[in-house]
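Peer 1: Knowing the structure of chain A, use the given hints to seat chain B on it.
There are 2 protein chains.
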Amino acid sequence: MPDGSLIFPAAEYQRRVRALQGEMSQHHLDALLLTTPADVFYATGFLTRFWESPARPWFVVVPSNGDPVAVIPNIGAELMGRCWISDIRTWDAPDPVDDGVSLLADTLISIVPNTGRIGVPMGQESQLRMPLADFTRLQDRIAPRKITDGTAAIHRSREVKSEAEIDKIRATCAIADAAFANVPEFARQGVPLSQVFRNFQVALLQEGADWVSYVAGGADQGGYGDVISPAHERPLRDGDVLMLDTGAVRDGYFCDFDRNFAIGRVGDDVHRAHAALYVATDTALSSLRPGMLACDLHRIMTDELTRQGAVSCGGRLGHGLGITLTEWPSVTPLDTTELREGMVLTLEPGVQITPNRILVHEENIVLRADGPELLSPRAPAEMPEIRE
Amino acid sequence: MPDGSLIFPAAEYQRRVRALQGEMSQHHLDALLLTTPADVFYATGFLTRFWESPARPWFVVVPSNGDPVAVIPNIGAELMGRCWISDIRTWDAPDPVDDGVSLLADTLISIVPNTGRIGVPMGQESQLRMPLADFTRLQDRIAPRKITDGTAAIHRSREVKSEAEIDKIRATCAIADAAFANVPEFARQGVPLSQVFRNFQVALLQEGADWVSYVAGGADQGGYGDVISPAHERPLRDGDVLMLDTGAVRDGYFCDFDRNFAIGRVGDDVHRAHAALYVATDTALSSLRPGMLACDLHRIMTDELTRQGAVSCGGRLGHGLGITLTEWPSVTPLDTTELREGMVLTLEPGVQITPNRILVHEENIVLRADGPELLSPRAPAEMPEIRE
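Line by line, the protein sequences are chains A and B.
Heads up: the first sequence runs through residues 1 to 388, numbered per UniProt numbering.
Heads up: the second sequence runs through residues 1 to 388, numbered per UniProt numbering.
Here chain A stands alone, though its shape is the one from the complex (with noise of 0.2 Å):
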């Protein structure tokens, strides 16, 4: 990591903004207020784990014109200030009376004019990081000025990726998929699945992920539950499906993909219903193109789901990835997100064997002109054996 802060040169980061600032103008927004670890390391390049304590609120403000203003506790002045922007205004944070709400409104007065909009994501996959009694307090401060919805600006910006940052999340996936090439090593019949995520954990770090923000999977016979809870302590036997999902990061980019194994022998309706998944993605790869909806991607996978007699288990079946773990758009029949060139996604197709026993099937993509490339090294067609 570049000296731990700012991971590409300002060029980068100016060029978002002015791409912010573009969207901004169409939705006649005189400023963009961001609250969320994602949205202010887009913007400044700040990356740091501290925002995993909840006490204090972080600010930036993008102004129509020229670069964005950072309004944070004094305990980040030190890092923001190895960043590329140069307005940092702290406080003394946290502070019960008054924790920056003051001297936000004072930034937004001075840079918004009196008639003027500011916009905070409000949509779907939006937070507002913020105390809800502060954000009240914030909007009698600077009224007449109006906050209004500004998700439309993030989305569109945020959304299409530059190489530099597909760069990022290709090295990432390298990461998960060495750590992956690992996993039959300490994955073996006895072991129990918390141990088994324990180790995935080590491999990640080991093959090079600064952090393990997200390990999910599962292991039953024929197949899994689900795909969310914490490890169970059972050990692996023979006939498990061992399932392992990983958002590791490097340089503040993710990856999402997982990886299945059959712990011993496992039954043919598991080996069908992995190469229904793995035909259903390479279908994806081969047809989608910029300009289809995300709506289209889920249609063309469930499709050679049922064209290969296996019953997809619903749900989202791919979303966006980058600085989180999962951004918009969601691979469902309801989004009609247009996916763009330089959009990096997953495809995720997941088929059900009986009512209780999935199987899921991840890849990462970038979305090019003439069709995905894959940045997650393509699973093998067969799922692999874990023998004795």
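Derived by calculation from the structure, the hints in this document are not laboratory data.
Hints may be right or wrong, so weigh each one.
Some chain B residues close to chain A (C-beta under 10 Å, calculated; not the full set) [unchecked claim]:
| hint | residue |
| --- | --- |
| 1 | ASN74 |
| 2 | PRO121 |
| 3 | GLY190 |
| 4 | SER194 |
| 5 | ASN199 |
| 6 | HIS319 |
Computed far set for chain A versus chain B, every beta-carbon distance over 12 Å [unchecked claim]:
| hint | residue |
| --- | --- |
| 7 | HIS27 |
| 8 | ASN65 |
| 9 | LEU103 |
| 10 | ARG170 |
| 11 | GLY222 |
| 12 | GLY291 |
| 13 | ALA294 |
| 14 | GLY309 |
| 15 | GLY342 |
| 16 | LEU374 |
Keep in mind it's a predicted model, so treat the numbers as computed, not measured.
Glycine included, C-beta positions come from ideal geometry on N, C-alpha and C.
Peer 2: Coordinates of chain B only, in the frame set by chain A:
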């Protein structure tokens, strides 16, 4: 982890819900709406790393009487079904048109009378983990029911830990203590700090952490600059002070403490600073009592630092700890929260060695009737030296 869910017997959660309902009654709340990983885990035992995905909101409604109701994406039904509550309502999320708002509104309408008040945490350290536009829609849908600030109810309940919770935090502290004992094995001169961070996370996992939500630190000549930056690539060298700070997690409970190491020979000013921090912590350990305020604890430590001839480096000198890395209160001059028996706190004095170099020392305690009990095994009085 007991079957990857629940963590504690149902009675523990029932006790918590009764505590919440007692606070709700005092604040005239007919229901409490919880949206964050910590609050949902606290009330239900629902623990998953899936919160890492910002795609879907999750809701738990605590009524004034009876058990909580979960209103959650269907992907979580299986795991929530293994928790202690039985009323679980799901929708097919993410839904771009209605992402749980109608289901949540119907639930609140069925529980809360027309004239009723619904508490939502809005105060310091709180966040609303749902899109703001959906929150506005919800308010419209449930009118004339009012949403009001429910921070006090959740704070007064969560801040006093049960013995079962204290045991969990002590266990996580023991894991970190064992990992710190391994630091001299890998933090040698010539090893880049980024590699030290990776190895430390590996050690935490190998000692039994389920995952590592937070590692920070620093290493530089005669102290470090800030404590929130990602690791730099510079190799450790003679005269560096290395600090590692971790919020590892086991069974959903955090530790949060640091340790300092002298890489080779460090100056007397560093040893003096360490001694002052050690004495200031001892003074807090011997004099803190229930009924004191957070600001009193701040004064105890800063006064002792002054007596030791050290310069306190400002900011907060400790905070609550439990199911998030940091919880209220904040050990600052402004925080007048009463420190109560059963609170788990960090003691985190820091001193300025030179204008650009600080040293921070941290322990975790539970406040008993007769004073603090250490949960982190006490740091050595002398900073350990790592020699070639």
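Peer 1: Hint by hint, which ones does this structure get wrong, listed from lowest number up?
Peer 2: 3 and 13
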